[in-house]
Structure formats: structure tokens, C-alpha cells
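Visitor: Going down the list, the sequences are from chains A and B. Sequential numbering of the first sequence, starting at 22, is according to the working numbering. Sequential numbering of the second sequence, starting at 512, is according to the working numbering.
If you are wondering where the hints come from, they were derived from the structure by calculation, not from laboratory data. Where a beta carbon is used, it is the ideal one built from N, C-alpha and C, also for glycine. Do not rely on the hints blindly, as some may be mistaken.
Quick list of the computed label-pair ranges, beta carbon to beta carbon [what the hints assert, rightly or not]:
no. : chain 1 : residue 1 : chain 2 : residue 2 : range
1   : B       : 808       : A       : 210       : 38 to 44 Å
2   : A       : 48        : B       : 893       : 47 to 53 Å
3   : B       : 880       : A       : 150       : 30 to 36 Å
4   : B       : 531       : A       : 139       : 56 to 62 Å
5   : B       : 870       : A       : 196       : 26 to 32 Å
6   : B       : 884       : A       : 224       : 38 to 44 Å
7   : B       : 684       : A       : 142       : 21 to 27 Å
8   : B       : 941       : A       : 150       : 55 to 61 Å
9   : B       : 838       : A       : 92        : 37 to 43 Å
10  : B       : 559       : A       : 112       : 56 to 62 Å
11  : B       : 591       : A       : 133       : 48 to 54 Å
12  : A       : 48        : B       : 929       : 19 to 25 Å
13  : A       : 139       : B       : 929       : 21 to 27 Å
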Amino acid sequence: MLAIRDLRAEVDGKEILKGISLEVAAGEVHAVMGPNGSGKSTLSYVLAGREGYEVTGGSATYDGRDLFGMEVEERAAAGIFLAFQYPVEIPGVSNLTFLKTALNAVRKARGEAGLDALDFLKLARSRASTLEMSDALLQRAVNEGFSGGEKKRNEIFQMAMLEPRLAILDETDSGLDIDALKTVADGVNALRAPDRAMLVITHYQRLLDYIVPDRVHVLSAGRIVKSGDAALAHELEAQGYAAFAGEAAGV
Amino acid sequence: MNAAPDTDRFARAFAAARADLPGHGNTEIARLREAAMARFAVAGLPTRRDEGWRYTDLRRLDRLDLAGETARADGAAAPALPGSIAALEAERIVFVDGRYDAALSLRGALPEGARLDVLSAHLGNGCDDAAAILGPGLGEWNGAGQEGLAALNSAMARDGVVLELADGVRLERPVLVVHLLSGAAGAVHPRSAVGLGAGAEAELVEVFVGHSGGGGWTNSVLEGAVGQGGRLRHAVLVRHGAAAVHTGRMTMDVARDAGYATQAITLGGRVVRNEFVVRLSGPGAECSLSGGALADARRHVDHTTEITHAAPHTESEQIFRNVADDNARTVFQGRVVVERDAQKTNARQSSRSLLLSAGAEAQNKPELRIFADDVKCSHGATVGDLDRDALFYLRARGIDEAEARALLTRAFVADLSTSLPVASLRPAVDEAVDGWLRRNANGGG
Numbered sequence: 022m023l024a025i026r027d028l029r030a031e032v033d034g035k036e037i038l039k040g041i042s043l044e045v046a047a048g049e050v051h052a053v054m055g056p057n058g059s060g061k062s063t064l065s066y067v068l069a070g071r072e073g074y075e076v077t078g079g080s081a082t083y084d085g086r087d088l089f090g091m092e093v094e095e096r097a098a099a100g101i102f103l104a105f106q107y108p109v110e111i112p113g114v115s116n117l118t119f120l121k122t123a124l125n126a127v128r129k130a131r132g133e134a135g136l137d138a139l140d141f142l143k144l145a146r147s148r149a150s151t152l153e154m155s156d157a158l159l160q161r162a163v164n165e166g167f168s169g170g171e172k173k174r175n176e177i178f179q180m181a182m183l184e185p186r187l188a189i190l191d192e193t194d195s196g197l198d199i200d201a202l203k204t205v206a207d208g209v210n211a212l213r214a215p216d217r218a219m220l221v222i223t224h225y226q227r228l229l230d231y232i233v234p235d236r237v238h239v240l241s242a243g244r245i246v247k248s249g250d251a252a253l254a255h256e257l258e259a260q261g262y263a264a265f266a267g268e269a270a271g272v
Numbered sequence: 512m513n514a515a516p517d518t519d520r521f522a523r524a525f526a527a528a529r530a531d532l533p534g535h536g537n538t539e540i541a542r543l544r545e546a547a548m549a550r551f552a553v554a555g556l557p558t559r560r561d562e563g564w565r566y567t568d569l570r571r572l573d574r575l576d577l578a579g580e581t582a583r584a585d586g587a588a589a590p591a592l593p594g595s596i597a598a599l600e601a602e603r604i605v606f607v608d609g610r611y612d613a614a615l616s617l618r619g620a621l622p623e624g625a626r627l628d629v630l631s632a633h634l635g636n637g638c639d640d641a642a643a644i645l646g647p648g649l650g651e652w653n654g655a656g657q658e659g660l661a662a663l664n665s666a667m668a669r670d671g672v673v674l675e676l677a678d679g680v681r682l683e684r685p686v687l688v689v690h691l692l693s694g695a696a697g698a699v700h701p702r703s704a705v706g707l708g709a710g711a712e713a714e715l716v717e718v719f720v721g722h723s724g725g726g727g728w729t730n731s732v733l734e735g736a737v738g739q740g741g742r743l744r745h746a747v748l749v750r751h752g753a754a755a756v757h758t759g760r761m762t763m764d765v766a767r768d769a770g771y772a773t774q775a776i777t778l779g780g781r782v783v784r785n786e787f788v789v790r791l792s793g794p795g796a797e798c799s800l801s802g803g804a805l806a807d808a809r810r811h812v813d814h815t816t817e818i819t820h821a822a823p824h825t826e827s828e829q830i831f832r833n834v835a836d837d838n839a840r841t842v843f844q845g846r847v848v849v850e851r852d853a854q855k856t857n858a859r860q861s862s863r864s865l866l867l868s869a870g871a872e873a874q875n876k877p878e879l880r881i882f883a884d885d886v887k888c889s890h891g892a893t894v895g896d897l898d899r900d901a902l903f904y905l906r907a908r909g910i911d912e913a914e915a916r917a918l919l920t921r922a923f924v925a926d927l928s929t930s931l932p933v934a935s936l937r938p939a940v941d942e943a944v945d946g947w948l949r950r951n952a953n954g955g956g
């Protein structure tokens, strides 16, 4: 579904991704782990198309399409979803208005009819309840005044509503206490499906106890230095990133 | 102050119109008009050398032929009443090119103690309060260089409404004053007066509607006083044609424990200036002034306010939100004066401007003149473009750029919707704002 080859990218003229290759097939969950500054968030932003993140080499294809030839909203409409590490607050736009606009834009791109207000509300309420999100949170302005946990839950709620084919979760665990982490992980696991792939980006192994990945990749200084199965996450937790960074440098 | 030829043109227009102006047979009214014209001859039109007019240039009035009166349009030449306005449950009074149109108006029964007159009839019937209406009253009081415009209005005023409520009278329905303008050359000078007795309450809506490409000049004056404990909620919706010039001056005296809330929304016109002058004259008086513009092309929209806290324990709040696209320019000048005796004054002012393109401009000029020592005054002014992070967030959810921009622009003016004093007008304002966003927030930047 997603094939990244020798991807290089820079931010403000500084190379952050230095040749990343990664393949994620439908139905798979891949974890990308790495210390701060290793390029994890840059990878997620490059895949989502954020301005200021310049691709300088390599390629990425999504379902065979050149990802970098697609606008941000085209990628979303094609089924790519980025759960933000820092969800943006948008005063004056209610969560529901925002989601209805987004859902109907994505449905339109898929050739489906838009949902009317009533059907939309039914769907939103049922998806929100499984994530323990209150009606009040749905009515409020997007992420405005939300706690860290509420923001992350709101991201997974949006994901549940938009039903993407490729979900990129950027440090979804950061700032969550253990109860919130379980709720969010349950929400993510409920979305695991044979035709859906996930890229879970995280600093800590903790999240991967709840969202068990098929593959784990260790990112260090803009390169994938090691790949393995779920056991690799535990190995990392025990040994720390430094051991792997050394491996990459060939020491 | 101004070159003579300028006022001469208006003097000729006055000479041509006077025999036909309402109340022309009444010596008192004729004298008031003469006196007003004499004051205009001294003051002239404001220029950019006048304080308060640095950012807004009325030289356009010279280039266009706007000195004379706009000729009365026939039904076909005037724009239709917008559906959202016609749907408003109200005492509706309609003027076409400045003249009362009984057929388009819709009057109901008023409670006892309420008087709602059309100005032309009021003056024509030899009223006894002409001096209060056309004299150098509040409209020319303490003005930031606009005395000339108000004086010209006093001389040339043809129509408007006179609303008077006795003590304790409350109107059930808003008074809706609609000005339909054909956009033909020349000027209209609407003049309205509002007087609310103690504890009286009313809602007043003024709507100016022109054809999309229409021109002409509207020079409007509204004067009023809210008696002790009274409440006036007021809204102005300016939807002139693209070439029109609009100068509107609203002055209100607010007595003890009384309240005045007003909002002006501008979505049309080439050069528009809305000026609010409010005097909080009794302890406990309060006012809320809000407004904004959605301006595109080369439009220029100016909101200028002056609130005088003349008594202790008075409160004022100002919320202005301006959006400028293309090469449009918006201006906010907000002056708060706290007089020496006005202790415990609380004055808040917030002005924000959103620029949707590189060619757009916004001016914010807050000004505090405080002569009392125990007061709370705050003001905040910002100018910015759309939040790029928010734009990316919306697009990352599949919302295309044009729609994302429209959504964020609508959110920017959301504070105006929540502070709209006349709630029943909200659908009409929303419709007008949505229409503007559909036409303009096209992502082109």
C-alpha cells in the first residue's frame, strides 16, 4: 500500500531524513521508533504533505500513485490520515462542523453521497461514545481548551469517522495517562482491518503493548537502522536507543 | 477648511431641492435647514487633514457626481428586498432612493405610548420637535470632523424614521428600516431619530441594499437617546453596490442604568464609513459596540467609534473584526474618553483584522483619553493572516484549500455573530456572510 524508497527530506535547509526505505502492506501495523530528533515527526509530516518539509530525494508511492504529486487534501481524500502529535486548536469552528465538512469532502472524493445532518450526528455520537467522548466535546471548537488526552482522543475519533486506509499515528501516546492510553489504543485496535494499514510513530515501547505491531523499525539520525518484529520494541526498551545508533554507525 | 467650489456644488443642490424637501412650507423647518447649510458651508466635507479622517478619503465624492439628490427610482430600477430581510418579523419601513415607499412597507399595530413616524410625514405635518431632529444636536456634537456631513444631512434630510417610546413601553417586534438604492448618481441623506423613555425597550435594524454594481452616495444620520433603565438594541447591515459611497453616523446618549448595543456589518460599497458616537451620561449606563467588514476588490471600510464615559460606574465594550481580501483596506479607529468624574469606568476594546491577500491592508488605531484615576480600560488590536497550522490541519482532513479558508474566515468573524444585538437578524447576516465567502474565499489568496 505504501512504498517509501530512499526518501530524503529537509527542513529549513537541514537534511533530516537521510534515505528511508519502508514498505507497508494492507492489513499491517508498522511501528517506527526512535529518539527525539531522529526524524520521526518529519517522516509523518512529509507523508501528509506539510509545507516547509521539502523532499530532496527518493520516492513514496501510495497504492501505486506518486504521493508527492498529490495535494494535502488529495492525500486525505485518498485515505491517508495523520493523527497529529500536536492537534491544532481552531477557535470558532465547532468540532462537529469541522468533521462534517471533512467527512463529506472525503466521501465526495470517493464518489459517495454526503451525509445529511441527522445521519452524520448519529454516526458521530456512536463513534464518540466508544472513545468516551462527551457530547459537549463534540460541540466545542476544534481542540480549543481540550486537555492533552482529549486532543488525542479527538484525533482517533476523527480517524474513526473518516475511516482512512493508511493511518499515521504521530506520538499518539505522548501526554496520555495509562487509562487514556488504553482507551485510545482500544479505539485504534478497533480500526485494524485487512484493508487498512497503520504506521505508529512513537518514542516509547509502552503504546506497543496495547497496539501490537507486525513490524518495528528503529529510526536514528534520519535512517532506519534496524527492523524486526514486535520483540524488537522490547529489546529497545531494555537496551536503549544508544546501542542501536552505534550499530548504525558501524562501531 | 475646504475649498469653496466644493461647498458651492452642494449649495446649488440645496437650492434646487429646498422647495421640495419635507416641511418646506414650515418657516421653522426652513430656517433649521438654512442654518444647517450655513454650518456645512463653514465645515465642508472632511478631508484627510482632519483628525479622524486620516485613513479615509472622500475625494471620490468630487470625482463622482454626488452633490445633488438621487432622482427617485421607479420600482424596476430599485433592487428587490432580499428574501432574508423580507422574512424578518418586524415593523418594516422601506425607502427607495431615500423616499418612503408605502407599498413595500409593512406596518402593524404598536403598543400605546409608541410612536413610529416616517420623517417626511412627520416634518410635513408641521411637527413641534423639528429643532430636536434637524438642529445641531447630537449628530454634530463632539464630532471627529464629521460635523460637515451631519450638517449637510440636516439641510437635505428627506426621509427616515422617528421612533419615540414613552416610559416603560416595549416593542414586541424590531423596527426594520430598509433603504433600497438604485445606484444612480447623486446622494440620499437618510435621517432618523430615536427617543426611548425610562425603562423602554426597542430593537432597530437598518439595512442598506444596492444593486451589485451600484453607485451613489448615502449620507445617513441616526440620533437617539435611551432614557433611564431603557434598552436599545441596534444593527446595521450595509450591502451597497460595488461603486457606492456610504457615510453613516450614529450618535446615542445613554442615561442612568440604560443600555445601548449596536453592530454594523459591511459587505458592500466602494468606500464605507460607519461612525458611532456614544455618550454614557448617567451612572450605570453601558454600551456594546461591534462591527466588521468583509471587504474585497478595492473596497475601503472604516469603523470609527467614540465612547465618552461621562458618569461613574459606566461600562463599554467594543468588538471589531475586519476581513480584507484582494486590495481592500479596513480601518478601525476606536476612541474611549473617560471624563474626570467617571470613576469605576470599565472599558474593553478588541479589534482584530484578517488579511486574506498580500495586497490587503488594515489599520487599527485604539485611543484612550483617561481623565479619571480609578478605571479599568483595556484594548487589544491584532492584524494577521490565516493560521497556516490550522489551514494544514483542515486540509489534512480532506477539506480543500478554498473551503478551509472559508471555514477559518467564518470562524474569525464568529464573535460578531455571538454579539449581534438583534438575534432575529442572524439568519440574514449569516446568509450575507456565506454569500460573500462563496464569492471571495476562493483560496487564491
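Visitor: Against this structure, judge whether each hint is valid.
Guide: For each hint, the structure was consulted:
For residue 808 of chain B paired with residue 210 of chain A, a C-beta distance near 53 Å fails the hint of 38 to 44 Å. In this structure, residue 48 of chain A and residue 893 of chain B meet the distance hint of 47 to 53 Å, their C-beta atoms being roughly 48 Å apart. In this structure the hint that residue 880 of chain B and residue 150 of chain A lie 30 to 36 Å apart at CB is violated, the actual value being about 56 Å. Between residue 531 of chain B and residue 139 of chain A the Cβ separation comes to about 59 Å, which falls inside the hinted range of 56 to 62 Å.
Between residue 870 of chain B and residue 196 of chain A the CB atoms are about 41 Å apart, so this pair departs from the stated range of 26 to 32 Å. For the pair residue 884 of chain B and residue 224 of chain A, the supplied restraint of 38 to 44 Å is violated, since their beta-carbon distance comes to about 55 Å. Between residue 684 of chain B and residue 142 of chain A the CB atoms are about 33 Å apart, so this pair departs from the stated range of 21 to 27 Å. Our hint of 55 to 61 Å for residue 941 of chain B and residue 150 of chain A is violated, since their Cβ atoms are close to 31 Å apart.
Hint check: residue 838 of chain B to residue 92 of chain A, Cβ distance near 27 Å, so the stated range 37 to 43 Å is violated. Between residue 559 of chain B and residue 112 of chain A the beta carbon distance is about 36 Å. The supplied range of 56 to 62 Å is therefore violated. Between residue 591 of chain B and residue 133 of chain A the C-beta distance comes to about 38 Å, which lies outside the given range of 48 to 54 Å. Taking the beta carbon of each, residue 48 of chain A and residue 929 of chain B are about 47 Å apart, not inside 19 to 25 Å as hinted.
One distance hint, 21 to 27 Å for the beta-carbon pair residue 139 of chain A and residue 929 of chain B, holds here, with the actual separation near 25 Å.
Checked against the numbered hints listed earlier, the structure breaks hints 1, 3, 5, 6, 7, 8, 9, 10, 11, 12; every other hint is satisfied.
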